[in-house]
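4 protein chains.
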Amino acid sequence: METENGSSATLLITCPEKPGIISTVTNFLTEHIANIIDIDQHTTDPRTGIFFMRIEFDVESQTIQKLEQDLHELAKDYSMEWWLSTKEKRKRMAIFVSKADHCLMELIWRWKTNEIPVDIPLVISNHADLKEVVESYGIPYYHIPLTKDTKENAEQKALELLKGKVDFIVLARYMQILSPKFISNYHNKIINIHHSFLPAFVGANPYVRAYNRGVKLIGATAHYVTNDLDEGPIIEQDVQRINHQYTAEDLKVAGRHVERRVLAQAVSWHVEDKVLVHGNKTIIFQ
Amino acid sequence: METENGSSATLLITCPEKPGIISTVTNFLTEHIANIIDIDQHTTDPRTGIFFMRIEFDVESQTIQKLEQDLHELAKDYSMEWWLSTKEKRKRMAIFVSKADHCLMELIWRWKTNEIPVDIPLVISNHADLKEVVESYGIPYYHIPLTKDTKENAEQKALELLKGKVDFIVLARYMQILSPKFISNYHNKIINIHHSFLPAFVGANPYVRAYNRGVKLIGATAHYVTNDLDEGPIIEQDVQRINHQYTAEDLKVAGRHVERRVLAQAVSWHVEDKVLVHGNKTIIFQ
Amino acid sequence: METENGSSATLLITCPEKPGIISTVTNFLTEHIANIIDIDQHTTDPRTGIFFMRIEFDVESQTIQKLEQDLHELAKDYSMEWWLSTKEKRKRMAIFVSKADHCLMELIWRWKTNEIPVDIPLVISNHADLKEVVESYGIPYYHIPLTKDTKENAEQKALELLKGKVDFIVLARYMQILSPKFISNYHNKIINIHHSFLPAFVGANPYVRAYNRGVKLIGATAHYVTNDLDEGPIIEQDVQRINHQYTAEDLKVAGRHVERRVLAQAVSWHVEDKVLVHGNKTIIFQ
Amino acid sequence: METENGSSATLLITCPEKPGIISTVTNFLTEHIANIIDIDQHTTDPRTGIFFMRIEFDVESQTIQKLEQDLHELAKDYSMEWWLSTKEKRKRMAIFVSKADHCLMELIWRWKTNEIPVDIPLVISNHADLKEVVESYGIPYYHIPLTKDTKENAEQKALELLKGKVDFIVLARYMQILSPKFISNYHNKIINIHHSFLPAFVGANPYVRAYNRGVKLIGATAHYVTNDLDEGPIIEQDVQRINHQYTAEDLKVAGRHVERRVLAQAVSWHVEDKVLVHGNKTIIFQ
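Chains as they are written, first to last, in my numbering: chain A, 20 to 305; chain B, 20 to 305; chain C, 20 to 305; chain D, 20 to 305.
Hint data in this document are derived by calculation from the structure and do not stem from the laboratory. A portion of the hints provided could be inaccurate.
[Said to hold, decoys possible] Each pair of labels, with its calculated beta carbon distance range:
| id | chain 1 | residue 1 | chain 2 | residue 2 | range |
| --- | --- | --- | --- | --- | --- |
| 1 | D | 247 | A | 148 | 27 to 35 angstroms |
| 2 | C | 66 | A | 147 | 50 to 58 angstroms |
| 3 | C | 196 | A | 221 | 54 to 62 angstroms |
| 4 | B | 85 | C | 263 | 30 to 38 angstroms |
[Claimed, not checked] Cut-off 30 angstroms, straight-line C-alpha distance, at most; resulting in silico cross-link-like pairs (DSBU-like, lysine-lysine):
| id | chain 1 | residue 1 | chain 2 | residue 2 |
| --- | --- | --- | --- | --- |
| 5 | C | 293 | C | 182 |
| 6 | D | 37 | B | 85 |
| 7 | C | 293 | D | 271 |
| 8 | D | 300 | B | 37 |
| 9 | B | 293 | D | 271 |
Don't be surprised by glycine CBs; every beta carbon is placed ideally from N, CA and C.
Chain A with its partners taken away, still in its complex shape (with noise of 0.2 angstroms):
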């Protein structure tokens, strides 16, 4: 999807149904030289509810800054909520770990082999395990340190240590809830991966917790993370089938590959604008 002389854009809008909404945004684009590549929308009720759209389209350099001013003004007319971005400018993402690697390695294999086009400003843990591999891929490691009486400073540690440096943050496997302090901070922009098929399993041990009920899959959800513990809206989610030779320490160790194969595929779409909120539910423009 490289474009030569022009730069690939993604347009994401969000606003109250309204007739002919879709003619006017692909109209408005054309005006501004904008050839659409690709157009998704969702509706819950078409006369209604509310509207979704991603637009991904070529458009000259030099005009995006323009497109950008005028959007304002359209915006104002539909009470659109929006998102641009362009191919150009990589989003920034910051993982959090603790001290189990596999999804984090899953992440930096991806991002070295550009699968995940973003780029990686720092690392953060509560534990200083993971230090060494991650900084042999030339990427900050910074290990704060972590217990009841000292979540509130390291938070603020982690705050600064983010601040203006990151556009979204991935908890994978990272073992400490946030505070909602924390994620005010990131509305919408933390995604975490819970090691069950939400909402089967909320809270901790869930892969024990599946061995004692007995069931026959397993599962992993990739979320956006809220106040409410395992109860963001749902990205991605799969599951593996077990039967009953697996102890609960098997379903761990089988659990681990859909865990990262999950949060990949959830990060791949947070990170291509597919994914769209509303509510407690999310849209997904595959």
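Since the structure of chain A is already known, use the hints to place chains B, C and D on it.
Just chains B, C and D now, with coordinates in the frame of chain A:
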């Protein structure tokens, strides 16, 4: 798996672990001129656990009675529970339905093609809707209307109809909760299909709740019925991918296909004596 | 998706890429007081490729004729091929079968529940086996016996029965190869189910060949019929895990479930105008 | 599955069917004070077929030598082929790679976490690209350049490096065809990953051909290498859903994840002695 002169039989065994148990049982069968065709076994712990075994074997029809007698002796020495079945004697399955026909029709279709080799002596329903279609297959249909007040009587009537006629019961989207008294008559012999990926969405209206939660996969679960609603031993589960375009009604429609697939699979395994129950879990010898 | 006073319609378009085409079409619909509900589009190359679009919209019944007339004009300017359908006018589907009933019964079941909203004016078969069951649903059944020598006559007879009565044909495990002459009457309007994961096992006896090759998954493929056997545009495929315990006969039994699932899905998409053909490939607007 | 005082061992057996074989073997093990933990068996025909068995058992380290000696005798009576392995003695795996790193990295990651409990004495490549990353894990890397003319020499060099050092070889996207001479040294001991769902797209460029054919699922196949290209016994296969939006390049990227999953699974089973080869097919005792 047809045998010309013999009788294909299946033996299921559960007992506490004890060294040499496998060779004891295989010797026992060899001594009874049984030719082992398939053997499966599982243990919760090779030293102190519970041992489970399934053996499929060919044996002359005239020796099976002697084999059965001798098994009683063997079982005492090992504190075994055991179940012996022969292919000659087909299992008898009652089906309970309400108004939805998809699970019922799937079972009937697989019964007609002999993919599920059972007899169906009767179908019982709290509604009359499916009477005609069931009877068109030559299967007796009993309509037992049921209100809160008449539930006890209705169950009593059903028990009388079933008595001595069936080996197990399938609730093919039967929308009534059975009483502990009824269930006690068919311990681990009632299979239910729940229209969610348990333990997510226990109870009523799982599709509406799945819709509201914004999950990306919906599922179905076949399980043995116990007194705890939707908490019985899980036999089979499966899922289907959905997306933001699905309404709650669409989930219901898409879910029907997972339900019938999952229920039919569970019934197949039950009929082929491939399921052993251990507490609240199942061992499936596929 | 019911509309009270209006008519829900779907427009499919294929044409060479041209800047502004999306806004042209959306403007055209807006001018005809059509309210766009869903829009999907695809391009093989945003500058020099072929452009494909599907638009679902609400429109007053009385304006649809005018819209259709004006589309002819628009189409000329853009060298468009286009297809307009309305929900009011259900598609008419003929089913061809031989002896196996599983795909037929799946289609009939989904037709009865209105999951696949079509009319079925007739079923044609080279055998009499399924006459009774088909007629029990009130669907006319034509038994046209067929030998090598009578094939031409038989096809001629079928064409006469179909003439003016059906919009597309489904080969639901019809075990005869249609002549190029027959196919030319229903270009991209005949859907076949092949019982393998194409292009593996093109031709006869795919399950036996899958068994001999020792594959670990079997599959089924629904495709439009062309003159090249099993080479037509693929609409849908799916697979099922098997193992070394499966005999060739077991593969056949297990495969039936994939076949009916895959065929029913392909027919659904065709009926909902979600399939566009591009050379030997399909675009599916899910 | 750790054993404190004993040694966990696995016995694989292939022989012609003979009545009583299972009890013979289980008795044999009981006499050698071996505690059977898991038993799996398969037969191509219970009377005249080939019999396959896998037994996992605990045994004292000092008795295993005697057991091995006595097995030679038993094997004669039954025309058995057999393989005995112990968990104490880890298998040694060589990896062959070219330039692509995804399969290599997956194996290394699962080796590091001990999910695949092997030793990796060396990696051999016809390119130097992956030298640094492999050596960073402390694994020796041998770069053996290879042209058409030097192939024989190169293979000879590789054979010398491997001699006495490895138990099996994994071709982790090694883009060279091995000679029959090389293969004869490692009969059923070379695992290859082919980037298609075999037997579809045998040979070169499967993703381009999958793209041109318009398939709706792409796959990967792990198999033992024989002299017939891509025709060896299949160990594992899996697929991934794609759609019309995928370019040939996208298929390649998406396919990488199936490839590493399928290859890692096949290697796991091989390492755990869960694979038996029968002609051109495999029996997998999961």
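Looking back at the hints listed earlier, which ones does the structure fail to meet?
1, 8 and 9
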